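Using UniProt numbering, you'd call the opening residue of the sequence shown number 1 and step up by one each time.
Treat the hints as calculated values from the structure; they're not laboratory data.
Predicted model only: the values in this text are computed from it and were never measured.
Cβ coordinates follow ideal geometry from the N, Cα and C atoms, glycine included.
Wrong hints could be hidden among the right ones.
To be verified - Simulated crosslink set (DSBU-like; lysine-lysine; CA at most 35 Å straight-line):
1. K446 - K57
2. K358 - K417
3. K293 - K450
4. K152 - K213
5. K148 - K186
6. K191 - K450
7. K64 - K243
8. K362 - K450
9. K213 - K76
10. K186 - K293
11. K337 - K362
12. K76 - K152
13. K148 - K113
What the hints assert, rightly or not - Ranges of calculated distance between the beta carbons of each label pair, as one might list FRET restraints:
14. N222 - Y91: 14 to 22 Å
15. W310 - E146: 50 to 58 Å
16. V282 - D441: 54 to 62 Å
17. D304 - V282: 36 to 44 Å
18. D441 - Q259: 46 to 54 Å
19. C415 - T233: 51 to 59 Å
20. Y414 - G327: 33 to 41 Å
21. G71 - G344: 43 to 51 Å
22. Y284 - T233: 55 to 63 Å
23. G344 - C415: 27 to 35 Å
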Amino acid sequence: MALHLKLCLSPLKPQIVPTNPQLSQTFNSPPIPNKWNINVEEQMCSALIKPRDLSSKYHTKVVKHELRSVGENSLKGLCMIDAMQRLNIDYHFQQEIETFLTTQYVTNSSAWKHDDLHETSLHFRLLRQQGHFQSPEVFNKFKNKEEKFNPKLSENINGMINLFEASQLSIAGEDILDEAEEFSMKILKEKLVHLNNHEAMFVRRTLENPFHKNLTIFTARNNCLGHLYGTNTWFDSLKEVAKLDFSLLQCLHQREIVQISKWDINTAMEQLPDYMKTCFRVLYDLTNEISFKVYQRHGWDPIDSLKMTWESLCKAFLVEAKWFGSGKLPSAEEYLKNGIISSGVHILLVHIFFLLGKGLTKENVERIHKIPPIISSPATILRLWDDLGNAEDENQDGNDGSYVSCLIMDHPDYCTKRARDDVMNKISDAWKNLNQECLFDSHFHKTFTKASLNLARMVPLMYSYDDNNSLPGLEGLLHSLLFEK
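Model the full assembly from the supplied sequences, consistent with the hints where possible.
In structure tokens:
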């Protein structure tokens, strides 16, 4: 994780700026002012953690009591959980959330009797997220005689928002959720010009980054929830918990960045001999170090699995090198099969699987070796997003191909737009497979399935380039995460 963050931030490497002259000798690098500076005061923020933590515990206790006391008011409980998740503080209330949603699932397992689209959609999404299967047939009641969603539903903006959010948790074969997505997206786009600023901003962000496919750690501070829940007294307590929680997490992230910035890879490289030996030695040492840590913590030696994973990545790179050298494109299917491996996603997730140590069984290790959907789905999403042409700063001239160019070669009648539409459909299918695996059918622990989901959620941020081939959105989110108070 640290290595991945190091690579992501390499052009934005923070300088550690001592504000006390007596401390300047402690640091190797001279102070270079830039927007990524981390001051000593920011490093010392841990001194404030204890009083902040005490205040956070008080507000957390208030919220827990409120959620436990909702009783028969299912909508209030659902709204509280929705707000917790959007504020990225739901991990403080896992037990209370599980108890409430399990009760909702058991109580309403036979039939959901509510006719409100907002409540029905919210109930559907939250229970599915928790791993409780909900049939999409609950939305049939909102259709008219022509088996289409009733146009009168467009008057309920919150209902439209939550219907769109619910549709993002679809799995293969759930046509009604595909219809729900198309219907709600159309209505919300039409309504944008008629909404006030706060509502319009919330709707626009929902359409661009639906909750299930978004990383709330980046968006929690600017989620415009006031117009939804601002009149509720419990929301004030949630906001206090969120503010304190963000400050504590920011301190931890700053500490991590300081540690990462101490690794001067360029100096280390200059001191090493032949680059191939360097590559092999670093990889060998890193793999053995990780294997030793996993064995110490979890009693399992993953060295063979890690070696196998790196070997498959190198072989995938060699396949692409041969394609590049020959100047001939493979079929789209062949390209994607290899691209799932060359994306590097399986390298990251296999290491995460062993380091987490949850669900570490012989059967699961064997499943990992076969690149199951929990790995292949986010890898497909990343590979196809990359191939859509957003990552123009990679200066690719097209000789090494992309899924789009392979599709056009396979189907001479395809234009670029049709090929790109096919890619978007394939990304949608990959999300459905990931939903199926993570929400209902997974043999793996929840911590690992969440890591897989979060990796897929990160992809649009990684490849949302502007006209200058830069990432202003991601850069702004990272700066907010690390520095803004």
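So does C415 sit 51 to 59 Å from T233, Cβ to Cβ? holds (56 Å)
Using the C-beta atoms of Y414 and G327, is the stated range 33 to 41 Å upheld? violated (21 Å)
For V282 and D441, compare the CB-CB distance with the range 54 to 62 Å and indicate the outcome. violated (38 Å)
When you check the alpha-carbon spacing of K76 and K152, does it fall within 35 Å? holds (25 Å)
CA of K64 to CA of K243, is that 35 Å or under? holds (17 Å)
For G71 and G344, compare the CB-CB distance with the range 43 to 51 Å and indicate the outcome. holds (49 Å)
For K337 and K362, compute the direct alpha-carbon distance and say whether it is at most 35 Å. holds (26 Å)
If you draw a straight line from the CA of K191 to the CA of K450, is it 35 Å or shorter? Given that 35 Å is the threshold and the Cα spacing comes to 33 Å, the pair holds.
Quickly compare the C-alpha distance for K152 and K213 to 35 Å and report which way the hint goes. holds (28 Å)
So does N222 sit 14 to 22 Å from Y91, Cβ to Cβ? 20 Å Cβ-Cβ, so the 14 to 22 Å window holds.
Measure nothing beyond the straight line between the CA atoms of K148 and K186; if it is 35 Å or shorter, mark the hint as holding. holds (14 Å)
Are the Cα positions of K293 and K450 separated by 35 Å at most? Holds, at about 22 Å.
Taken one by one, the earlier hints fail for this structure at numbers 2, 10, 16, 17, 18 and 20, listed in ascending order.
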